[in-house]
Amino acid sequence: GQQLNQSPQSMFIQEGEDVSMNCTSSSIFNTWLWYKQDPGEGPVLLIALYKAGELTSNGRLTAQFGITRKDSFLNISASIPSDVGIYFCAGLNTGNQFYFGTGTSLTVIP
Amino acid sequence: NAGVTQTPKFQVLKTGQSMTLQCAQDMNHNSMYWYRQDPGMGLRLIYYSASEGTTDKGEVPNGYNVSRLNKREFSLRLESAAPSQTSVYFCASTPWGQGSDEQYFGPGTRLTVT
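Protein chains in written order, with our numbering: chain W, 1 to 110; chain P, 1 to 114.
Careful, some of the hints might be misleading.
Said to hold, decoys possible - Label-pair restraints from in silico Cβ distances:
no., chain 1, residue 1, chain 2, residue 2, range
1, W, D38, P, E73, 43 to 51 angstroms
2, W, T68, P, S100, 18 to 26 angstroms
3, P, E59, W, D38, 22 to 30 angstroms
4, P, W96, W, N75, 44 to 52 angstroms
Claimed, not checked - Far from chain W, by Cβ distances over 12 angstroms, these chain P residues were calculated:
no., residue
5, S31
6, G53
7, Q85
No lab work stands behind these hints: they were computed from the structure. Quick caveat, the model's predicted, so the values are computed rather than measured. The beta-carbon is built from N, C-alpha and C at its ideal position, and this holds for glycine as well.
Please work from the sequences and hints to get the whole structure.
Right, here's the structure in full:
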């Protein structure tokens, strides 16, 4: 099945730094979702985006729905140790099917 | 409001054994899904139920069956477990028709087949 292209695959950053990751697709999506998954846990929804160009924030997290509707970006500002985990995107296409990125593993060094 | 719950959290099976993974949601969502998550492969859809009374195959349905027992519950059955079914299984639900496309996940069932 179709997987979304998510990059980078992993990141090692210092506490306090900002983080950026993105997802791209060859297909158009109507909705973009961003999740965080901690080890041994289920994915937790962070942000949902519904309109091309939309910019939405959730605390230190900001996500954008790309103008072309084929990509989305997630930024984390002033990272802290509890930001450690795997972040992945999900896109919902016009056929009401969800597709998932393979994840970005984030390590925050205190 | 517990969201999506799954049981059991861990399970070890021998090849050929059967078992049912249980999932329930208390958010009055219409659609429910079963995914498996394997290292480096992301989430893959096994089966889904768009609404109560309907079920459809996803990307990797072989070796599995599902039952949408009612609006709240959606179970996944392995009739004859195989080592290739060792994975983490997630149940998810989506409102549909309630103004939201957001998908919410349960905590997962970690299954090992020996």
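inquiry  = To test your reading of the hints: which numbers does this structure violate?
reply    = Checked against the structure, the hints that fail are numbers 1, 4 and 5, while the rest are satisfied.
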